[in-house]
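J.: In the order they appear, the protein sequences are chains W and X. Using my numbering, the letters of the first sequence map in sequence onto residues 1 to 145. Using my numbering, the letters of the second sequence map in sequence onto residues 1001 to 1415.
Keep in mind that the hints were calculated from the coordinates and are not lab data. Certain hints may be false.
[As the list claims (entries may be wrong)] Here are the simulated BS3-like pairs of lysine-lysine, each with C-alpha atoms no more than 30 Å apart in a straight line: (1) W:Lys126 <-> W:Lys114; (2) W:Lys87 <-> W:Lys76; (3) W:Lys87 <-> X:Lys1071; (4) W:Lys88 <-> X:Lys1168; (5) X:Lys1071 <-> X:Lys1168; (6) X:Lys1071 <-> X:Lys1019; (7) X:Lys1078 <-> X:Lys1019; (8) X:Lys1161 <-> X:Lys1019; (9) X:Lys1078 <-> W:Lys87; (10) W:Lys76 <-> W:Lys126; (11) X:Lys1071 <-> W:Lys88; (12) X:Lys1019 <-> X:Lys1168.
Quick caveat, the model's predicted, so the values are computed rather than measured.
Given next are the chains, with one letter for each unit.
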Amino acid sequence: MSGSASGERYTDIKQTLSFENREFLNQIIDTTMNEFVFLYRGHDSDGSMPTPEQMQAQMSRWQDWFAKLTAEGQLKDWGAPLQSSGKKVAVGGIITDGPYTEGKELIGGFSIIKANDLAHAAEIAKGCPCFETGGNVEIRPVQPM
Amino acid sequence: MSERVNEVVEHLFRQESGKLASSLARAFGLQRLGEVEDILQESLLAALHTWSFRGIPENPTAWLHRVAKNKAVDWIRKRNCAGRDPVEILPGLSAASEAMSLEQNFLNWEISDSQLRMMFACCHPGIPIESQIALVLKTLCGFGVHEIATAFLVQDSAIEKRLGRARKYFRDNRIELDVPSREAIVIRLEAVLRSLYLLFNEGYKQTSSDGLISKDLCTEALRLGLLLAHQPSTATPTTYALVSLFTFHAARFESRTNEVGDIILLEEQDRSRWNRELMDRGMYYFRKSEPDVFTTSYHLEAAIQSLHVTAISFERTNWDAIQGLYRRLYQLQPSPLVALHMSVSTLKVHGPDAALALLETHPLPNYYLYHAILGHIHAENGQPEAARYELTRAAELTMNGRERTLLLKKAENSV
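Bound-form chain X, shown alone (with noise of 0.2 Å):
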């Protein structure tokens, strides 16, 4: 019964704080992004508090908003009290309305439209687009600074700087929560779709826990993906092309782990296990994303995945086409993490010197899976004891637990 209940509470955290933070942001404004982490990191050490020791109300989300509630108006209270300019959180009301007014808000936001709307809010043009993205993931997706410097590629204090940048310029402009216009949204869909797509990756590969695929979070990027793909102002073919590619990596979810929830390689897949529905969808949103005439990396990555889930099997998969897609995307993108996904179709194709000299010009010696493809090429090619070295190595680097037990058994049975 326990076990059942944690289950249902997974990243209930990490839910609530991207909720709440869009309730607090549209009640504050921008320019006072700063108190507004303070309320909500306030609310959620209240919360882990007091959950730990009387466990989990019925409605989380209803004592999360409670607890803010009550700091925010305190918040206010000190100020007007302090004598200084009164502050101005929802302009052109009076301050014996003022906690009404918050009243308000807190209990008429809609979820779904207040948490994308923010996140057009917060990809303000006048800070540059690395960090509105990591404005977006550390405030309204509830990331830590090291899992977006993760994803990034970077120090965790690059990401400081960057988010203490963006909170700077939002306080001294005087940014407000603006409803961003038509051409407006257009021009900061790129780094909303940019945010989903990492934060459906980080559900995806669950850096750092035993869950190997976290669901919900590849669930809440695919929810506001569709939700861009049916509003006229968002349908691109670019939100197209991310949708599509979020389909058919769900299409996968329930074949990607066994009943204890290991790893299992597309290789060794169950392709009858695939959703076939979800599999329809994804190629429905991949025609309406033209993929004839635009070719945005989520586009080629999409195309990548159509191939993959209307192969017959591994072995008669189009690799040829796959190496193709992969070169048009290591053009738009010449990053060795490209190179790394590269080098599988590059081993079905030119074979496994190709394969090893491409990963070889682009190493990433600190990414775990880089030494896993290294390791499985090297067995390929009859090199057992290069095997299990690169294999041992990637053990080391995993932080996911069951990650860690299938490279290990694979690193044994090498030899």
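If we strip away everything but chain W, and leave its shape as in the complex, we get (with noise of 0.2 Å):
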């Protein structure tokens, strides 16, 4: 059963292949982009507050972030940002108020990026804002169905 369902995915593959469709073909390589979750943590510089103009400074560079990923094709989701409050419920029902870490480890938003493979999401994410308020960006690739 198994063995016949295996050898009808692959003569599919094999009839598309072939196909000669430029559009079809762009299809396939868009499928097998990886899908991969971007949190950015500390987003807000701890300590000291920026200045309005520091602000604004910030914003350009996240809206030339995202416009850059938009041009490359790069963007799957702008994703959101979150704001620092929150609960945690664990077991038993039990709730606690709010993440409360460190300013730095708090996710600050997460986007969801097009990428080849790890490596190449890792390239891409060098290019974001929040390395100049001492944050980062945790990378995760999404389980593919």
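Both chains are sitting in their own frames, so use the hints and assemble them into the complex.
T.: Structure follows, in structure tokens:
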């Protein structure tokens, strides 16, 4: 049973590959792109508060970052910024307040990025503006279906 | 297209910060300036995060005020829940209507007046004038501590201390946000004018970014100055002198930079590009300032600028008169900064040796302009090596990228 199923899939792919439609090939290439969740940490510089002008500069850097990802076709989902408050629910329904970790450890937001592989995703992440404020990016490959 | 958008929103945060601070301070009162600044900062941070991801909303002012209002209401609710003495955010109102009153405050604010009123409220005679100005610049003009410190030529920590003491004074003495009486307005005017002067200067110098003149900071200072000049209680000769000074500077905005934004020195500016209408306005306010009777530092500076804008050419400027005015300005403010600006006319009137001697006795070793002018004088004096050394030093010290390019170019050409 399982043998015939994988046999069918094989001919499927063979047919697809012999298909000379470029657009179709592009679609296949697109599905070979993997998705990665970028978790932005330490979005804020802790300690001294940024001045309005510094905030303005910071915002422009983030907007440039998203503009570049969009232009390169690497942005699957903008994601969202996250507030610093929150709650934790543990076994037995015990609810506690907030993550309350160090500012640097706090996840400030996330996006979903398309890249060939983990190394490519890491290369993309180097352009993230979060480093300017002492933060970092955690890259987590999305488990393919 | 994206460049256009960026251009429109330049200094957005600074402007919004001032508006929001005025609204919040009006709702909370001055004795809770700490809370005002906390909510202001939190709201701006929320904007920074959201707008970074989603872009700037159509009406950023309304967006920020909505966020700030929610935070303010949260704060009131928390205070009331804690069973502490109900905070009289808006005296005489019950807790139930507080949120509503806040809403009104946030809907009906008239920015122009309210910002000016706030300035007068912050300039409370109970705190030293330097602290009043620091407070105005920090809370209402969106200055960072470092920018204020640079304007006062002091360390950042000194400004932090001043601000801390001012907030404590307002809190301890439970200072309400009173609309000052006519007499009080006259007393407080000096500090308000000084704040506007520094706001204008910051825009004109633009210490840290690449845009050489930040016109909107200057325009804002000029706008507030004009409001004062057209209000009977604040339309004093000193106010007129300050507005005149702003207007003369504004007349030369367009010629001060070229198409790509490089600085053009006074000597090389195309005088036909100076704005004649603004020059006339400047003269109008200068005459109203009664310069024959009053000689504040603004009067003297405006007089110097009036001589610059009416000169046919750089060479045919009345340098003797300018030198004389700088001398009087120096008598009022014997600071190395005044000496620095005076050195240009000293060079013209008394020659390079006198100008160098003046600068040597008034050193500003960490200020780029000091080295830039020294370099200029050495070059005039036929000392190319010394000129190059000073211009390179100036280029190292400036935080303005465009100015650095210009200085390095001059350093190369000097040898």
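J.: Indicate, hint by hint, whether the structure satisfies it.
T.: Consistency of the hints with the structure:
Pair hint W:Lys126 plus W:Lys114 holds up; C-alpha atoms about 15 Å apart against a cutoff of 30 Å. In summary, the hint linking W:Lys87 to W:Lys76 is supported, as the alpha carbons are separated by about 28 Å, within the 30 Å threshold. For a cut-off of 30 Å, the pair hint linking W:Lys87 to X:Lys1071 stands: about 19 Å separates their Cα positions. A threshold of 30 Å between alpha carbons decides the hint, and for W:Lys88 with X:Lys1168 the separation of about 37 Å lies outside it, so the pair is violated.
Restraint check: the Cα-Cα separation between X:Lys1071 and X:Lys1168 comes to about 23 Å, which is no more than 30 Å; the hinted pair holds. This hinted pair checks out: X:Lys1071 and X:Lys1019 have alpha carbons roughly 16 Å apart, not beyond 30 Å. Annotation: proposed proximity of X:Lys1078 to X:Lys1019 holds, straight-line Cα distance about 25 Å (limit 30 Å). Distance check on the hinted pair: X:Lys1161 and X:Lys1019 sit about 25 Å apart at the alpha-carbon level, within 30 Å; holds.
Only pairs whose Cα atoms come within 30 Å are accepted, and X:Lys1078 paired with W:Lys87 is accepted, the gap being roughly 18 Å. Restraint check for W:Lys76 and W:Lys126: the C-alpha separation of about 18 Å stays at or below 30 Å, so the hint holds. Restraint check for X:Lys1071 and W:Lys88: the C-alpha separation of about 22 Å stays at or below 30 Å, so the hint holds. Of the supplied pair hints, the one linking X:Lys1019 and X:Lys1168 holds, its CA atoms being roughly 23 Å apart against a limit of 30 Å.
The structure does not agree with numbered hint 4 stated previously, though it agrees with all others.
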